[in-house]
Amino acid sequence: MVSAIFVVLLLVIGIYCILATYNLIRVLIGVEILIKAVTLLIIAAGRQNGNMALAQAMVVSIIVIEVVIMTIAVGVVLGIHRYNNSLDSRKIRKLKG
Amino acid sequence: MFLDLIILILLVIAALWTVMTRSLLRASLGLALVSAILTLIMFNMDASLAAVFELSVCAGLIPVLFISVISLTQPLTFKEAVEHMRSRMARFWELPLIVLILGVILVLLSAKFKAKLPALETQASARFVLWHLRQLDLLGQIIILFGGVFGVAVLFKERKKRG
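Residue numbers (the working numbering), protein chains in the order written: chain A, 259 to 355; chain B, 153 to 315.
Don't read these hints as lab results, they were simulated from the structure. Worth double-checking, as some hints may not be accurate.
[Said to hold, decoys possible] Using C-beta positions, here's what the derived DEER-type ranges look like:
{"hint": "1", "chain 1": "A", "residue 1": "Asn343", "chain 2": "B", "residue 2": "Ile165", "range": "33 to 43 Å"}
{"hint": "2", "chain 1": "B", "residue 1": "Met241", "chain 2": "A", "residue 2": "Asn342", "range": "23 to 33 Å"}
{"hint": "3", "chain 1": "B", "residue 1": "Leu261", "chain 2": "A", "residue 2": "Ile350", "range": "34 to 44 Å"}
{"hint": "4", "chain 1": "A", "residue 1": "Asn307", "chain 2": "B", "residue 2": "Met241", "range": "38 to 48 Å"}
{"hint": "5", "chain 1": "A", "residue 1": "Ser347", "chain 2": "B", "residue 2": "Ile219", "range": "14 to 24 Å"}
{"hint": "6", "chain 1": "A", "residue 1": "Asn307", "chain 2": "B", "residue 2": "Val301", "range": "13 to 23 Å"}
{"hint": "7", "chain 1": "B", "residue 1": "Glu246", "chain 2": "A", "residue 2": "Gly308", "range": "31 to 41 Å"}
{"hint": "8", "chain 1": "B", "residue 1": "Leu177", "chain 2": "A", "residue 2": "Ile350", "range": "17 to 27 Å"}
{"hint": "9", "chain 1": "A", "residue 1": "Asn342", "chain 2": "B", "residue 2": "Phe280", "range": "24 to 34 Å"}
{"hint": "10", "chain 1": "B", "residue 1": "Leu297", "chain 2": "A", "residue 2": "Gly308", "range": "25 to 35 Å"}
Just so you know, even glycine gets a beta-carbon here, dropped at the ideal spot from N, CA and C.
Please model the complete structure; the sequences and the hints are all you need to start from.
What follows is the structure in structure tokens.
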């Protein structure tokens, strides 16, 4: 139950980071913090249920997916930087509207 | 229990610092710190396999990815940096307050809701579950990894020069 409180706090921090920043790398950092919150939630739920083996298997899957998402997202951010010469999301004018 | 609580509080403080720090490089290192603290929590909860993955991949690989992107992008000029710092402080000063107030509210509420779930102790190890019970997960992971590889190959493909 204590872990659930901290999961909510981590989720709030991650969502706030995504909403309040204009830097694309910081947005990715916010997504990372959200994923950490989900990881902590699964481990805490596994411990609460006494089914830690399943929780660990799911966390391993999450970590693999997280790495792939981050690699692709970082590539997209680099492409945007090459095209716009900036990481500011307000300066991305293409695909707008 | 007390140690768990201290580590969880450290985790939230590290996450706050990661989000609020001015430098992107420090934010990447903060992310590694968050992962390392999460690893400690996992070890404490007897999830050693997931903890090893978290430490090696999330605390090792992902910050390296971020740092390499930061090094490939151009830094702000001094004037831009000063302006950016002011606007950041204006946007982020309320976050610690929100986290603190929400934390207090949740602690007060948690006394009312006691989530007692029935313990379903299984003897299977994480390795057995991963390789024998969740084989589709492994297939999905392989497909996603291939998708990632092709995605990176497409993103960084050099255009052929004509003539």
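Going through the hints against the structure:
The hinted window of 33 to 43 Å between Asn343 of chain A and Ile165 of chain B holds, with their beta carbons roughly 35 Å apart. Between Met241 of chain B and Asn342 of chain A, the C-beta spacing of about 25 Å keeps the proposed range 23 to 33 Å intact. Range check, Leu261 of chain B to Ile350 of chain A: Cβ separation about 40 Å, and the 34 to 44 Å hint holds. As the Cβ distance of Asn307 of chain A to Met241 of chain B is approximately 43 Å, the hint placing it in 38 to 48 Å holds.
Checking the proposed 14 to 24 Å range against Ser347 of chain A and Ile219 of chain B shows it holds: the Cβ atoms sit about 21 Å from each other. Between Asn307 of chain A and Val301 of chain B the CB atoms are about 35 Å apart, so this pair departs from the stated range of 13 to 23 Å. For Glu246 of chain B and Gly308 of chain A, the Cβ-Cβ distance of about 40 Å falls inside the hinted range of 31 to 41 Å, so the restraint holds. In this structure the hint that Leu177 of chain B and Ile350 of chain A lie 17 to 27 Å apart at CB holds, the actual value being about 23 Å.
About 49 Å separates the C-beta atoms of Asn342 of chain A and Phe280 of chain B, a value inconsistent with the hinted range of 24 to 34 Å. Our hint of 25 to 35 Å for Leu297 of chain B and Gly308 of chain A holds, since their Cβ atoms are close to 31 Å apart.
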